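Number of protein chains: 2
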Amino acid sequence: MERPIGVIDSGVGGLTVVSELIRQLPKEKIIYIGDTARCPYGPRPTDEVRQYTWEMIDYLLLHDIKMLVIACNTATAVVLEEAKKSLSIPVVGVIHPGTVAALKITKNDHVGVIGTEGTINSRAYDREIKRINSEITVESLACPKLVPLVEQGKFSGSEAKEIIEASLAPILATSIDSLILGCTHYPLLAPLIKEIAGKRIEIISSGEETAREVSALLYHQNLLFTEERKPEHIFYTTGPRQTFSQIAEQWLRLGKNDVKTINLSEKIKQQ
Amino acid sequence: MERPIGVIDSGVGGLTVVSELIRQLPKEKIIYIGDTARCPYGPRPTDEVRQYTWEMIDYLLLHDIKMLVIACNTATAVVLEEAKKSLSIPVVGVIHPGTVAALKITKNDHVGVIGTEGTINSRAYDREIKRINSEITVESLACPKLVPLVEQGKFSGSEAKEIIEASLAPILATSIDSLILGCTHYPLLAPLIKEIAGKRIEIISSGEETAREVSALLYHQNLLFTEERKPEHIFYTTGPRQTFSQIAEQWLRLGKNDVKTINLSEKIKQQ
Numbered sequence: 001m002e003r004p005i006g007v008i009d010s011g012v013g014g015l016t017v018v019s020e021l022i023r024q025l026p027k028e029k030i031i032y033i034g035d036t037a038r039c040p041y042g043p044r045p046t047d048e049v050r051q052y053t054w055e056m057i058d059y060l061l062l063h064d065i066k067m068l069v070i071a072c073n074t075a076t077a078v079v080l081e082e083a084k085k086s087l088s089i090p091v092v093g094v095i096h097p098g099t100v101a102a103l104k105i106t107k108n109d110h111v112g113v114i115g116t117e118g119t120i121n122s123r124a125y126d127r128e129i130k131r132i133n134s135e136i137t138v139e140s141l142a143c144p145k146l147v148p149l150v151e152q153g154k155f156s157g158s159e160a161k162e163i164i165e166a167s168l169a170p171i172l173a174t175s176i177d178s179l180i181l182g183c184t185h186y187p188l189l190a191p192l193i194k195e196i197a198g199k200r201i202e203i204i205s206s207g208e209e210t211a212r213e214v215s216a217l218l219y220h221q222n223l224l225f226t227e228e229r230k231p232e233h234i235f236y237t238t239g240p241r242q243t244f245s246q247i248a249e250q251w252l253r254l255g256k257n258d259v260k261t262i263n264l265s266e267k268i269k270q271q
Numbered sequence: 001m002e003r004p005i006g007v008i009d010s011g012v013g014g015l016t017v018v019s020e021l022i023r024q025l026p027k028e029k030i031i032y033i034g035d036t037a038r039c040p041y042g043p044r045p046t047d048e049v050r051q052y053t054w055e056m057i058d059y060l061l062l063h064d065i066k067m068l069v070i071a072c073n074t075a076t077a078v079v080l081e082e083a084k085k086s087l088s089i090p091v092v093g094v095i096h097p098g099t100v101a102a103l104k105i106t107k108n109d110h111v112g113v114i115g116t117e118g119t120i121n122s123r124a125y126d127r128e129i130k131r132i133n134s135e136i137t138v139e140s141l142a143c144p145k146l147v148p149l150v151e152q153g154k155f156s157g158s159e160a161k162e163i164i165e166a167s168l169a170p171i172l173a174t175s176i177d178s179l180i181l182g183c184t185h186y187p188l189l190a191p192l193i194k195e196i197a198g199k200r201i202e203i204i205s206s207g208e209e210t211a212r213e214v215s216a217l218l219y220h221q222n223l224l225f226t227e228e229r230k231p232e233h234i235f236y237t238t239g240p241r242q243t244f245s246q247i248a249e250q251w252l253r254l255g256k257n258d259v260k261t262i263n264l265s266e267k268i269k270q271q
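For the record, the sequence lines run as chains A and B.
Each residue of the first sequence is one higher than the last, beginning at 1 in this note's numbering.
Each residue of the second sequence is one higher than the last, beginning at 1 in this note's numbering.
Treat the hints with care, as some may be off.
Heads up, the list lumps identical chains together, so a pair's fine if it works in one copy or across two of them.
[As the list claims (entries may be wrong)] The list that follows gives simulated cross-link-like pairs (lysine to aspartate or glutamate, EDC-like), each with its CA atoms no further than 20 Å apart:
hint, residue 1, residue 2
1, 130, 249
2, 260, 139
3, 199, 177
4, 194, 177
Derived from the structure by calculation, the hints contain no laboratory data.
Since we're looking at a predicted model, the values are computed, not measured.
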């Protein structure tokens, strides 16, 4: 089916999900909105997160998307359930795919989750895991220093290593055998995190798992595009085009893609 | 949702899928039919496979199942698409979940598949992978000696190791970085296969991946059972109760479950 997959995020983090979608589903066309002008959503009141997220969804619905991916932990926590109920297309968030991967991978029923303070405090991952299997012990840890590392482009090197080591120390001291990277920025730090966590712990990337769940749902709903094509993806940002474009190229080697700036609401124009 | 998940197979192989369903979805109740009296399906004409499979499905529909898992490669190849079209409940086969896992895992776009001669000759895995990503190179290899090993209970030891080494040699000589175990019997040999394949190659178990896809679909269709319970599963066999029961306990440590013999059709009675 020719219609594109819509992906929304409060900023650039969701590009790690796009990167995995392109890798795992190379024939599918993606339309992405990053609401960089109003990023981050984490500290905002729920009503504001709801309003901003729906503005992005409404914009993508005009592009006749066949599936919606909410590639933002905060927006997933606030809007996923209502979007699933009110939209006629399938909706995938970033929280559930990581939890089913952890339930598959763990052998000792002891799972770790790292994320931003907002995500960890929401206990969304813990709840989702225990809904399916209440015997699982979940260790959660907020790692507020990791997003700034990524945004400064420090994916490797001794400073990054020290900060990640110090951040992860409490959770690595437990007996977890699997660790969910519960933030879309973290896949860029995955090589370092894997090295520090060691072979005992399997690292689960929300981006990889979300793309995989999208693939399974498209298949089951007969929505896969299976003819030959190399689709051109479209990226919208509510902030400066150039900054977004640079990050997309630098982080994810997405190549020179079509990046456009949009206004989602009058509020943005007034800012 | 209290309704059970129905699982069908031509024999005992599908019990590896059940074992994973119970591990990954411990609150869900399973009803299994193994058509051991008419096993294996592989050498039978398509029309016969279709008829036998629908007899199992019709029997499970009387038990008000909320989802159907076709835990048999032959039956999946023949009946999955028509079952998806004609049933109002979701239907999951064992071929697709392994392919999406491989598409996620492979980094060098070079994937291996092993299975019975029937499955490999059907090229079902190759087709499914290429439908999603035509750039992937797929190496397929029939390993006819592995099912007999499992059925003789030889999961480890030097004889099993020699047979597996000899069987896998041609595919291990390629540059695959992931290997799909495309037969429901093979998970019982997974520890030996992992050892022989080495760290370069990630082993993908259809059973684990099928259970994971079931979990994702139940979630997306609001069909998960999330209250506390330790469900009692039901196992039906068309052959001798005791043989089936012994295998279920010995292979999968499923414990003493309720195993009943059933007749699916007059034909069985006449045999």
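Tested hints:
no., hint, result
1, 130 <-> 249, "neither (38 Å within a copy, 28 Å between copies)"
2, 260 <-> 139, "neither (40 Å within a copy, 42 Å between copies)"
3, 199 <-> 177, "both (9 Å within a copy, 18 Å between copies)"
4, 194 <-> 177, "both (12 Å within a copy, 19 Å between copies)"
Of the hints listed earlier, those the structure fails to meet are numbers 1, 2, in rising order.
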